[in-house]
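Trainee: Sequence:
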Amino acid sequence: MFQVKNLTVTHKKDLTALIEGLSFTLSPGDRAAVIGEEGNGKSTLLRLLYNPASVEPYAEWSGEIVDQGLRKGFLAQELSPDELALPVWAFCQGVPAFEGADPKALDRAARQVGLDAGLFWDDRPMSTLSGGERVKLRLALLLLDEPDVLLLDEPSNDLDVATLGWLEGFLLGCKVPVLYISHDEPLLEHTANVIIHLERLRRRTAPRCTVARTGYVQYVEQRAAGFARQEQNARKERAEFDAKLDKFRQIRNKVEHQQAVITRQDPHGGRLLKKKMHAVQSMGRRFERERENMTALPEWEEAILTAFDGAKSALPTGKTVLRLDLPELAAGGRTLARSVRLWVDGPEHLGIVGANGAGKSTLLKLAAETLLSREDIRAAYMPQNYNELLLEDKTPVELLAPSGHKDDITRARTLLGSMKYKAEEMEHPAAALSGGQRAKLLFLSMVLNGANVLVLDEPTRNFSPLSAPVIRQVLAQFPGAIISVSHDRLYLEQVCTRVLELGPEGLAPWNG
20 MFQVKNLTVT
30 HKKDLTALIE
40 GLSFTLSPGD
50 RAAVIGEEGN
60 GKSTLLRLLY
70 NPASVEPYAE
80 WSGEIVDQGL
90 RKGFLAQELS
100 PDELALPVWA
110 FCQGVPAFEG
120 ADPKALDRAA
130 RQVGLDAGLF
140 WDDRPMSTLS
150 GGERVKLRLA
160 LLLLDEPDVL
170 LLDEPSNDLD
180 VATLGWLEGF
190 LLGCKVPVLY
200 ISHDEPLLEH
210 TANVIIHLER
220 LRRRTAPRCT
230 VARTGYVQYV
240 EQRAAGFARQ
250 EQNARKERAE
260 FDAKLDKFRQ
270 IRNKVEHQQA
280 VITRQDPHGG
290 RLLKKKMHAV
300 QSMGRRFERE
310 RENMTALPEW
320 EEAILTAFDG
330 AKSALPTGKT
340 VLRLDLPELA
350 AGGRTLARSV
360 RLWVDGPEHL
370 GIVGANGAGK
380 STLLKLAAET
390 LLSREDIRAA
400 YMPQNYNELL
410 LEDKTPVELL
420 APSGHKDDIT
430 RARTLLGSMK
440 YKAEEMEHPA
450 AALSGGQRAK
460 LLFLSMVLNG
470 ANVLVLDEPT
480 RNFSPLSAPV
490 IRQVLAQFPG
500 AIISVSHDRL
510 YLEQVCTRVL
520 ELGPEGLAPW
530 NG
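Residue numbering for the sequence shown follows my numbering, beginning at 20 and increasing consecutively.
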(Lines of atoms letter the chains of each structure in order from A; the text may use other names.)
(Lines give C-alpha, C1' and ligand atoms only; values in the text may rest on other atoms or scores of the structure.)
Protein backbone atom coordinates (compact mmCIF):
# COMPACT_ATOMS: atom_id res chain seq x y z
CA MET A 20 0.00 0.00 0.00
CA PHE A 21 1.27 3.44 -1.00
CA GLN A 22 0.13 6.32 1.21
CA VAL A 23 0.48 10.11 1.27
CA LYS A 24 -0.52 12.08 4.38
CA ASN A 25 -1.17 15.82 4.58
CA LEU A 26 1.33 16.72 1.85
CA THR A 27 2.10 20.40 1.26
CA VAL A 28 4.48 21.61 -1.48
CA THR A 29 5.74 25.20 -1.82
CA HIS A 30 7.77 26.79 -4.61
CA LYS A 31 10.97 28.17 -3.07
CA LYS A 32 11.51 31.14 -5.38
CA ASP A 33 8.28 33.02 -4.66
CA LEU A 34 6.87 30.92 -1.77
CA THR A 35 3.85 29.98 -3.91
CA ALA A 36 1.87 27.10 -2.41
CA LEU A 37 1.43 24.48 -5.14
CA ILE A 38 -0.24 21.71 -3.11
CA GLU A 39 -1.74 21.88 0.37
CA GLY A 40 -3.07 19.11 2.63
CA LEU A 41 -3.09 16.31 0.05
CA SER A 42 -3.79 12.82 1.44
CA PHE A 43 -4.55 9.59 -0.42
CA THR A 44 -3.90 5.85 -0.38
CA LEU A 45 -3.26 3.59 -3.37
CA SER A 46 -3.79 -0.18 -3.43
CA PRO A 47 -3.34 -2.79 -6.17
CA GLY A 48 -5.84 -2.18 -8.96
CA ASP A 49 -5.98 1.58 -8.36
CA ARG A 50 -5.36 3.70 -11.46
CA ALA A 51 -5.17 7.22 -10.06
CA ALA A 52 -5.12 10.06 -12.58
CA VAL A 53 -3.66 13.40 -11.47
CA ILE A 54 -5.43 16.23 -13.29
CA GLY A 55 -5.28 20.00 -13.04
CA GLU A 56 -4.25 23.13 -14.88
CA GLU A 57 -0.73 23.68 -16.19
CA GLY A 58 1.73 24.75 -13.50
CA ASN A 59 -0.31 23.34 -10.61
CA GLY A 60 2.43 20.95 -9.49
CA LYS A 61 1.37 17.66 -11.09
CA SER A 62 4.86 16.70 -12.36
CA THR A 63 6.42 18.02 -9.16
CA LEU A 64 4.13 15.73 -7.17
CA LEU A 65 5.22 12.63 -9.10
CA ARG A 66 8.92 13.51 -8.90
CA LEU A 67 8.60 14.17 -5.17
CA LEU A 68 6.86 10.84 -4.54
CA TYR A 69 9.56 9.02 -6.50
CA ASN A 70 12.61 10.82 -5.10
CA PRO A 71 12.21 13.85 -2.77
CA ALA A 72 15.79 14.94 -3.50
CA SER A 73 14.85 15.60 -7.14
CA VAL A 74 12.64 18.60 -6.22
CA GLU A 75 14.90 20.12 -3.56
CA PRO A 76 16.43 22.72 -5.92
CA TYR A 77 13.08 24.46 -6.41
CA ALA A 78 10.49 23.19 -3.91
CA GLU A 79 10.13 22.40 -0.22
CA TRP A 80 7.56 20.07 1.28
CA SER A 81 6.03 18.78 4.48
CA GLY A 82 3.82 15.83 5.32
CA GLU A 83 4.43 12.09 5.15
CA ILE A 84 5.07 9.66 2.28
CA VAL A 85 4.55 6.06 3.45
CA ASP A 86 6.44 3.88 0.97
CA GLN A 87 8.84 1.75 3.05
CA GLY A 88 10.12 -1.22 1.10
CA LEU A 89 8.20 -0.35 -2.08
CA ARG A 90 10.01 -0.44 -5.41
CA LYS A 91 8.82 2.56 -7.43
CA GLY A 92 8.99 2.83 -11.19
CA PHE A 93 9.04 6.42 -12.49
CA LEU A 94 8.50 7.51 -16.10
CA ALA A 95 9.57 11.16 -16.50
CA GLN A 96 7.72 13.38 -18.95
CA GLU A 97 10.83 14.16 -20.99
CA LEU A 98 14.35 12.83 -21.48
CA SER A 99 17.30 15.18 -21.01
CA PRO A 100 19.37 16.28 -24.05
CA ASP A 101 22.21 14.05 -22.83
CA GLU A 102 19.87 11.03 -22.65
CA LEU A 103 18.47 11.74 -26.11
CA ALA A 104 22.00 11.79 -27.55
CA LEU A 105 22.83 8.30 -26.25
CA PRO A 106 22.61 5.20 -28.47
CA VAL A 107 19.66 3.04 -27.44
CA TRP A 108 21.90 0.26 -26.07
CA ALA A 109 23.89 2.77 -23.95
CA PHE A 110 20.67 4.29 -22.57
CA CYS A 111 19.46 0.80 -21.60
CA GLN A 112 22.75 -0.07 -19.94
CA GLY A 113 22.36 2.99 -17.72
CA VAL A 114 19.41 1.25 -16.05
CA PRO A 115 20.63 -1.06 -13.22
CA ALA A 116 17.87 -3.64 -13.75
CA PHE A 117 18.87 -4.01 -17.41
CA GLU A 118 22.45 -5.06 -16.72
CA GLY A 119 21.39 -7.88 -14.40
CA ALA A 120 18.49 -9.11 -16.54
CA ASP A 121 18.71 -12.41 -18.41
CA PRO A 122 17.45 -12.77 -22.01
CA LYS A 123 14.16 -14.33 -20.86
CA ALA A 124 13.41 -11.37 -18.56
CA LEU A 125 14.23 -8.91 -21.35
CA ASP A 126 12.01 -10.77 -23.79
CA ARG A 127 9.16 -10.88 -21.25
CA ALA A 128 9.41 -7.12 -20.55
CA ALA A 129 9.47 -6.35 -24.27
CA ARG A 130 6.38 -8.51 -24.88
CA GLN A 131 4.52 -6.76 -22.03
CA VAL A 132 4.77 -3.45 -23.88
CA GLY A 133 4.50 -4.80 -27.42
CA LEU A 134 8.12 -4.05 -28.34
CA ASP A 135 10.69 -5.96 -30.40
CA ALA A 136 13.34 -7.07 -27.88
CA GLY A 137 16.02 -6.31 -30.47
CA LEU A 138 15.49 -2.59 -29.84
CA PHE A 139 17.41 -2.92 -26.54
CA TRP A 140 20.66 -3.25 -28.53
CA ASP A 141 19.92 -0.72 -31.28
CA ASP A 142 22.75 1.65 -32.32
CA ARG A 143 20.48 4.58 -33.18
CA PRO A 144 20.45 7.64 -30.90
CA MET A 145 17.45 7.81 -28.58
CA SER A 146 16.46 11.08 -30.28
CA THR A 147 15.76 9.24 -33.56
CA LEU A 148 13.21 6.88 -32.03
CA SER A 149 9.58 7.81 -32.36
CA GLY A 150 7.79 9.10 -29.28
CA GLY A 151 5.91 5.83 -28.97
CA GLU A 152 9.09 3.74 -29.23
CA ARG A 153 10.73 5.80 -26.48
CA VAL A 154 7.72 5.43 -24.16
CA LYS A 155 7.49 1.68 -24.72
CA LEU A 156 11.24 1.20 -24.28
CA ARG A 157 11.29 3.14 -21.01
CA LEU A 158 8.23 1.28 -19.70
CA ALA A 159 9.89 -2.04 -20.53
CA LEU A 160 12.99 -0.96 -18.59
CA LEU A 161 10.79 0.00 -15.63
CA LEU A 162 9.08 -3.40 -15.65
CA LEU A 163 12.44 -5.21 -15.45
CA ASP A 164 12.70 -4.02 -11.86
CA GLU A 165 9.24 -5.47 -11.05
CA PRO A 166 8.01 -2.27 -9.34
CA ASP A 167 5.36 -2.27 -6.62
CA VAL A 168 3.93 1.05 -7.83
CA LEU A 169 4.17 2.94 -11.14
CA LEU A 170 4.45 6.74 -11.35
CA LEU A 171 3.91 7.81 -14.98
CA ASP A 172 4.21 11.44 -16.10
CA GLU A 173 2.34 11.88 -19.38
CA PRO A 174 2.82 8.35 -20.77
CA SER A 175 0.29 9.18 -23.52
CA ASN A 176 2.42 11.99 -25.00
CA ASP A 177 3.65 11.28 -28.54
CA LEU A 178 1.72 8.01 -28.88
CA ASP A 179 -0.10 7.27 -32.12
CA VAL A 180 -3.78 6.34 -32.02
CA ALA A 181 -3.08 2.60 -32.14
CA THR A 182 -0.48 2.83 -29.36
CA LEU A 183 -2.89 4.85 -27.23
CA GLY A 184 -5.21 1.86 -27.43
CA TRP A 185 -2.32 -0.34 -26.29
CA LEU A 186 -1.62 2.03 -23.37
CA GLU A 187 -5.26 1.79 -22.26
CA GLY A 188 -4.97 -1.99 -22.19
CA PHE A 189 -1.65 -1.81 -20.35
CA LEU A 190 -3.09 0.42 -17.61
CA LEU A 191 -6.23 -1.65 -17.25
CA GLY A 192 -4.15 -4.82 -16.90
CA CYS A 193 -1.66 -3.47 -14.34
CA LYS A 194 -1.58 -5.50 -11.13
CA VAL A 195 0.21 -2.77 -9.16
CA PRO A 196 -1.09 0.70 -8.23
CA VAL A 197 -0.56 3.29 -10.95
CA LEU A 198 -0.41 7.06 -10.38
CA TYR A 199 -0.32 8.87 -13.71
CA ILE A 200 -0.72 12.24 -15.36
CA SER A 201 -2.47 12.48 -18.70
CA HIS A 202 -4.17 15.17 -20.74
CA ASP A 203 -5.77 12.66 -23.10
CA GLU A 204 -9.45 12.82 -22.19
CA PRO A 205 -10.50 9.47 -23.77
CA LEU A 206 -7.60 7.75 -21.96
CA LEU A 207 -8.79 9.23 -18.66
CA GLU A 208 -12.37 8.19 -19.39
CA HIS A 209 -11.39 4.60 -20.18
CA THR A 210 -8.81 3.90 -17.47
CA ALA A 211 -8.97 6.09 -14.34
CA ASN A 212 -10.80 4.79 -11.27
CA VAL A 213 -9.35 7.40 -8.86
CA ILE A 214 -9.13 11.13 -9.60
CA ILE A 215 -6.68 13.47 -7.82
CA HIS A 216 -7.52 17.03 -8.85
CA LEU A 217 -5.00 19.79 -8.08
CA GLU A 218 -6.38 23.33 -8.34
CA ARG A 219 -5.19 26.83 -7.48
CA LEU A 220 -8.03 29.27 -6.76
CA ARG A 221 -8.28 33.01 -6.08
CA ARG A 222 -5.92 34.03 -8.85
CA ARG A 223 -3.80 30.93 -8.27
CA THR A 224 -2.99 31.76 -4.64
CA ALA A 225 -5.10 29.16 -2.79
CA PRO A 226 -4.43 25.45 -3.51
CA ARG A 227 -7.27 22.94 -3.31
CA CYS A 228 -6.90 19.16 -3.57
CA THR A 229 -9.80 16.81 -4.32
CA VAL A 230 -9.50 13.01 -4.19
CA ALA A 231 -12.43 11.05 -5.63
CA ARG A 232 -12.59 7.27 -5.92
CA THR A 233 -14.58 7.32 -9.12
CA GLY A 234 -14.09 7.39 -12.91
CA TYR A 235 -13.21 10.57 -14.79
CA VAL A 236 -16.60 11.10 -16.47
CA GLN A 237 -18.44 10.47 -13.19
CA TYR A 238 -16.11 12.87 -11.39
CA VAL A 239 -16.71 15.65 -13.91
CA GLU A 240 -20.48 15.09 -13.81
CA GLN A 241 -20.68 14.88 -10.01
CA ARG A 242 -18.48 17.96 -9.65
CA ALA A 243 -20.66 19.97 -12.04
CA ALA A 244 -23.87 18.79 -10.36
CA GLY A 245 -22.46 19.54 -6.90
CA PHE A 246 -21.39 23.03 -7.94
CA ALA A 247 -24.83 23.66 -9.48
CA ARG A 248 -26.61 22.59 -6.24
CA GLN A 249 -24.21 24.63 -4.12
CA GLU A 250 -24.69 27.71 -6.30
CA GLN A 251 -28.50 27.32 -6.26
CA ASN A 252 -28.56 27.00 -2.45
CA ALA A 253 -26.11 29.87 -2.01
CA ARG A 254 -28.10 32.22 -4.25
CA LYS A 255 -31.39 31.26 -2.56
CA GLU A 256 -29.89 31.94 0.88
CA ARG A 257 -28.56 35.29 -0.35
CA ALA A 258 -31.93 36.31 -1.79
CA GLU A 259 -33.68 35.46 1.49
CA PHE A 260 -30.94 37.19 3.47
CA ASP A 261 -31.17 40.34 1.30
CA ALA A 262 -34.95 40.48 1.84
CA LYS A 263 -34.54 40.24 5.63
CA LEU A 264 -31.69 42.73 5.53
CA ASP A 265 -33.87 45.22 3.64
CA LYS A 266 -36.56 45.00 6.37
CA PHE A 267 -33.88 45.38 9.05
CA ARG A 268 -32.56 48.55 7.39
CA GLN A 269 -36.07 50.00 7.26
CA ILE A 270 -36.51 49.37 11.02
CA ARG A 271 -33.07 50.81 11.84
CA ASN A 272 -33.65 53.92 9.70
CA LYS A 273 -37.03 54.47 11.40
CA VAL A 274 -35.51 54.22 14.91
CA GLU A 275 -32.61 56.52 13.92
CA HIS A 276 -35.10 59.06 12.58
CA GLN A 277 -37.20 58.88 15.77
CA GLN A 278 -34.08 59.42 17.87
CA ALA A 279 -33.16 62.44 15.78
CA VAL A 280 -36.51 64.20 16.25
CA ILE A 281 -37.38 63.29 19.87
CA THR A 282 -37.23 66.24 22.27
CA ARG A 283 -35.63 66.46 25.69
CA GLN A 284 -39.10 67.03 27.11
CA ASP A 285 -39.87 63.32 26.55
CA PRO A 286 -37.24 61.42 28.64
CA HIS A 287 -39.44 58.34 28.90
CA GLY A 288 -39.74 58.12 25.11
CA GLY A 289 -35.97 58.61 24.83
CA ARG A 290 -35.29 55.68 27.13
CA LEU A 291 -37.64 53.46 25.11
CA LEU A 292 -35.94 54.45 21.84
CA LYS A 293 -32.52 53.72 23.39
CA LYS A 294 -33.65 50.19 24.31
CA LYS A 295 -35.13 49.80 20.86
CA MET A 296 -31.80 50.83 19.26
CA HIS A 297 -29.95 48.25 21.40
CA ALA A 298 -32.36 45.61 20.11
CA VAL A 299 -31.78 46.80 16.53
CA GLN A 300 -27.98 46.65 16.97
CA SER A 301 -28.27 43.14 18.42
CA MET A 302 -30.32 42.14 15.39
CA GLY A 303 -27.57 43.58 13.15
CA ARG A 304 -24.92 41.44 14.87
CA ARG A 305 -27.10 38.36 14.32
CA PHE A 306 -27.30 39.25 10.63
CA GLU A 307 -23.49 39.46 10.44
CA ARG A 308 -23.18 35.99 12.01
CA GLU A 309 -25.78 34.67 9.60
CA ARG A 310 -23.86 36.15 6.66
CA GLU A 311 -20.67 34.35 7.79
CA ASN A 312 -22.50 31.00 8.00
CA MET A 313 -24.16 31.17 4.60
CA THR A 314 -23.35 28.53 1.98
CA ALA A 315 -20.35 29.76 -0.02
CA LEU A 316 -20.65 30.28 -3.75
CA PRO A 317 -18.69 27.50 -5.49
CA GLU A 318 -15.15 28.19 -6.65
CA TRP A 319 -13.38 26.49 -9.51
CA GLU A 320 -10.28 27.17 -11.53
CA GLU A 321 -11.24 28.98 -14.71
CA ALA A 322 -10.04 27.78 -18.09
CA ILE A 323 -7.60 29.80 -20.17
CA LEU A 324 -9.02 32.55 -22.34
CA THR A 325 -7.37 33.84 -25.48
CA ALA A 326 -8.07 34.01 -29.20
CA PHE A 327 -6.52 34.98 -32.51
CA ASP A 328 -7.27 38.27 -34.24
CA GLY A 329 -9.70 37.17 -36.95
CA ALA A 330 -8.81 39.99 -39.33
CA LYS A 331 -5.05 39.35 -39.14
CA SER A 332 -5.28 35.56 -39.29
CA ALA A 333 -7.76 35.17 -42.14
CA LEU A 334 -6.75 33.57 -45.45
CA PRO A 335 -8.70 33.79 -48.72
CA THR A 336 -10.47 30.61 -49.78
CA GLY A 337 -8.29 28.70 -52.23
CA LYS A 338 -5.10 30.55 -51.28
CA THR A 339 -2.12 28.30 -52.12
CA VAL A 340 -0.49 27.57 -48.77
CA LEU A 341 1.79 24.63 -49.49
CA ARG A 342 2.88 22.50 -52.42
CA LEU A 343 5.38 19.97 -51.07
CA ASP A 344 6.30 16.97 -53.25
CA LEU A 345 8.94 14.59 -51.89
CA PRO A 346 10.16 11.57 -53.85
CA GLU A 347 11.50 10.27 -50.53
CA LEU A 348 11.06 11.15 -46.84
CA ALA A 349 14.09 10.05 -44.83
CA ALA A 350 15.50 10.47 -41.31
CA GLY A 351 18.47 8.94 -39.52
CA GLY A 352 19.64 7.26 -42.70
CA ARG A 353 16.32 5.42 -43.14
CA THR A 354 13.69 5.89 -45.81
CA LEU A 355 10.38 6.45 -44.04
CA ALA A 356 8.05 7.08 -46.96
CA ARG A 357 8.05 7.54 -50.73
CA SER A 358 6.09 9.79 -53.05
CA VAL A 359 4.85 12.16 -50.34
CA ARG A 360 2.51 14.83 -51.73
CA LEU A 361 1.46 17.44 -49.20
CA TRP A 362 -0.75 20.13 -50.75
CA VAL A 363 -2.69 22.57 -48.61
CA ASP A 364 -4.97 25.49 -49.52
CA GLY A 365 -6.36 28.16 -47.24
CA PRO A 366 -8.18 28.13 -44.91
CA GLU A 367 -7.93 24.35 -44.58
CA HIS A 368 -7.30 22.65 -41.21
CA LEU A 369 -5.25 19.54 -41.98
CA GLY A 370 -4.44 16.77 -39.50
CA ILE A 371 -1.75 14.16 -40.14
CA VAL A 372 -1.76 10.82 -38.32
CA GLY A 373 0.36 7.70 -38.65
CA ALA A 374 2.20 5.06 -36.69
CA ASN A 375 4.99 6.09 -34.32
CA GLY A 376 8.17 6.36 -36.38
CA ALA A 377 6.34 6.95 -39.67
CA GLY A 378 8.04 10.35 -40.10
CA LYS A 379 5.20 12.73 -39.26
CA SER A 380 7.34 15.19 -37.28
CA THR A 381 10.07 15.02 -39.94
CA LEU A 382 7.52 15.90 -42.62
CA LEU A 383 6.04 18.70 -40.53
CA LYS A 384 9.47 20.21 -39.92
CA LEU A 385 10.16 20.25 -43.68
CA ALA A 386 6.79 21.96 -44.22
CA ALA A 387 7.63 24.53 -41.54
CA GLU A 388 11.03 25.30 -43.11
CA THR A 389 9.30 25.95 -46.45
CA LEU A 390 6.53 28.11 -44.99
CA LEU A 391 8.57 30.21 -42.54
CA SER A 392 10.64 31.67 -45.39
CA ARG A 393 7.57 32.84 -47.32
CA GLU A 394 6.69 36.55 -47.40
CA ASP A 395 3.11 36.24 -48.66
CA ILE A 396 1.98 34.46 -45.50
CA ARG A 397 2.77 34.69 -41.77
CA ALA A 398 3.61 31.18 -40.63
CA ALA A 399 4.26 30.01 -37.07
CA TYR A 400 5.72 26.67 -35.99
CA MET A 401 5.08 24.77 -32.75
CA PRO A 402 7.45 21.76 -32.53
CA GLN A 403 7.13 18.83 -30.15
CA ASN A 404 10.36 19.88 -28.48
CA TYR A 405 9.66 23.39 -27.22
CA ASN A 406 13.35 23.96 -26.52
CA GLU A 407 13.89 24.36 -30.27
CA LEU A 408 12.19 27.76 -30.05
CA LEU A 409 12.31 28.84 -26.40
CA LEU A 410 15.48 30.30 -24.88
CA GLU A 411 15.51 28.53 -21.53
CA ASP A 412 17.12 31.40 -19.59
CA LYS A 413 14.56 33.96 -20.81
CA THR A 414 11.36 34.73 -18.91
CA PRO A 415 7.90 34.60 -20.54
CA VAL A 416 7.73 38.41 -20.63
CA GLU A 417 11.19 38.64 -22.27
CA LEU A 418 10.23 36.02 -24.87
CA LEU A 419 6.94 37.70 -25.78
CA ALA A 420 8.25 41.28 -25.63
CA PRO A 421 11.87 41.09 -26.86
CA SER A 422 11.84 44.81 -27.73
CA GLY A 423 11.57 45.72 -24.06
CA HIS A 424 9.17 48.56 -24.92
CA LYS A 425 6.66 49.40 -22.22
CA ASP A 426 3.59 48.88 -24.44
CA ASP A 427 4.87 45.50 -25.64
CA ILE A 428 5.57 44.39 -22.06
CA THR A 429 2.08 45.48 -20.97
CA ARG A 430 0.46 43.53 -23.81
CA ALA A 431 2.60 40.47 -23.06
CA ARG A 432 1.60 40.56 -19.38
CA THR A 433 -2.09 40.91 -20.32
CA LEU A 434 -1.93 37.90 -22.61
CA LEU A 435 -0.03 35.86 -20.04
CA GLY A 436 -2.70 36.74 -17.50
CA SER A 437 -5.36 35.44 -19.91
CA MET A 438 -3.43 32.14 -19.86
CA LYS A 439 -3.58 32.11 -16.02
CA TYR A 440 0.06 32.98 -15.39
CA LYS A 441 0.66 34.55 -11.98
CA ALA A 442 2.77 37.73 -11.91
CA GLU A 443 5.60 35.77 -10.26
CA GLU A 444 5.46 33.04 -12.93
CA MET A 445 5.90 35.66 -15.64
CA GLU A 446 9.40 36.24 -14.23
CA HIS A 447 10.41 32.55 -13.98
CA PRO A 448 12.94 31.36 -16.59
CA ALA A 449 11.35 29.24 -19.32
CA ALA A 450 13.42 26.27 -18.16
CA ALA A 451 11.54 26.29 -14.82
CA LEU A 452 8.08 26.24 -16.44
CA SER A 453 5.97 23.11 -16.86
CA GLY A 454 5.42 21.63 -20.32
CA GLY A 455 1.90 23.06 -20.35
CA GLN A 456 3.08 26.55 -19.44
CA ARG A 457 5.67 26.45 -22.22
CA ALA A 458 2.98 25.29 -24.65
CA LYS A 459 0.89 28.30 -23.62
CA LEU A 460 3.91 30.52 -24.25
CA LEU A 461 4.34 29.27 -27.82
CA PHE A 462 0.60 29.59 -28.38
CA LEU A 463 0.69 33.22 -27.24
CA SER A 464 3.65 34.01 -29.51
CA MET A 465 1.50 32.86 -32.45
CA VAL A 466 -1.30 35.18 -31.31
CA LEU A 467 1.09 38.12 -30.95
CA ASN A 468 2.68 37.55 -34.36
CA GLY A 469 -0.69 37.53 -36.11
CA ALA A 470 0.07 34.21 -37.81
CA ASN A 471 -2.31 33.05 -40.54
CA VAL A 472 -0.68 29.65 -41.10
CA LEU A 473 -0.03 27.41 -38.09
CA VAL A 474 2.28 24.40 -38.28
CA LEU A 475 1.57 22.42 -35.10
CA ASP A 476 3.21 19.23 -33.87
CA GLU A 477 0.94 17.71 -31.20
CA PRO A 478 -0.58 21.08 -30.20
CA THR A 479 -2.76 19.79 -27.35
CA ARG A 480 -0.31 17.30 -25.82
CA ASN A 481 0.54 19.40 -22.76
CA PHE A 482 -2.77 21.15 -22.15
CA SER A 483 -4.88 19.97 -19.21
CA PRO A 484 -8.37 18.47 -19.68
CA LEU A 485 -9.67 21.90 -18.56
CA SER A 486 -7.61 23.92 -21.07
CA ALA A 487 -7.63 21.50 -24.01
CA PRO A 488 -11.31 22.07 -24.92
CA VAL A 489 -10.65 25.83 -25.04
CA ILE A 490 -7.59 25.36 -27.25
CA ARG A 491 -9.55 23.05 -29.57
CA GLN A 492 -12.35 25.60 -29.84
CA VAL A 493 -9.93 28.46 -30.59
CA LEU A 494 -8.16 26.41 -33.27
CA ALA A 495 -11.44 25.20 -34.77
CA GLN A 496 -12.46 28.86 -35.20
CA PHE A 497 -9.03 29.92 -36.55
CA PRO A 498 -9.70 31.60 -39.95
CA GLY A 499 -6.28 30.73 -41.37
CA ALA A 500 -4.69 27.43 -42.38
CA ILE A 501 -3.50 24.74 -39.96
CA ILE A 502 -1.11 21.92 -40.82
CA SER A 503 -0.81 19.65 -37.82
CA VAL A 504 0.28 16.31 -36.49
CA SER A 505 -1.91 14.98 -33.69
CA HIS A 506 -2.93 11.80 -31.93
CA ASP A 507 -5.57 13.65 -29.91
CA ARG A 508 -8.76 11.95 -31.04
CA LEU A 509 -10.95 14.90 -30.00
CA TYR A 510 -8.66 17.39 -31.78
CA LEU A 511 -8.86 15.41 -35.04
CA GLU A 512 -12.66 15.32 -34.77
CA GLN A 513 -13.31 18.92 -33.69
CA VAL A 514 -10.55 20.96 -35.38
CA CYS A 515 -9.50 19.20 -38.59
CA THR A 516 -11.45 19.55 -41.84
CA ARG A 517 -9.27 16.85 -43.47
CA VAL A 518 -7.12 14.08 -42.00
CA LEU A 519 -4.36 12.21 -43.86
CA GLU A 520 -2.40 9.17 -42.75
CA LEU A 521 1.34 8.92 -43.43
CA GLY A 522 2.60 5.46 -44.35
CA PRO A 523 5.45 3.94 -46.37
CA GLU A 524 3.65 4.81 -49.63
CA GLY A 525 3.05 8.44 -48.71
CA LEU A 526 -0.07 10.29 -47.57
CA ALA A 527 -3.58 8.89 -47.97
CA PRO A 528 -7.02 9.75 -46.56
CA TRP A 529 -7.41 8.44 -43.01
CA ASN A 530 -10.23 6.01 -42.38
CA GLY A 531 -10.41 6.75 -38.65
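Among the clues, some could well be false.
Stated by the list, open to error - Derived lysine-lysine pairs resembling DSS-like cross-links, with alpha carbons at most 30 Å apart:
no.: 1; residue 1: K295; residue 2: K32
no.: 2; residue 1: K413; residue 2: K331
no.: 3; residue 1: K31; residue 2: K441
no.: 4; residue 1: K263; residue 2: K273
no.: 5; residue 1: K31; residue 2: K123
no.: 6; residue 1: K425; residue 2: K413
no.: 7; residue 1: K255; residue 2: K273
The hints are simulated quantities; they were obtained by calculation from the structure and are not laboratory data.
Trainee: Determine for every hint whether it applies to the structure shown.
Mentor: Checked hints:
no.: 1; hint: K295 x K32; verdict: 57 Å, violated
no.: 2; hint: K413 x K331; verdict: 27 Å, holds
no.: 3; hint: K31 x K441; verdict: 15 Å, holds
no.: 4; hint: K263 x K273; verdict: 16 Å, holds
no.: 5; hint: K31 x K123; verdict: 46 Å, violated
no.: 6; hint: K425 x K413; verdict: 17 Å, holds
no.: 7; hint: K255 x K273; verdict: 28 Å, holds
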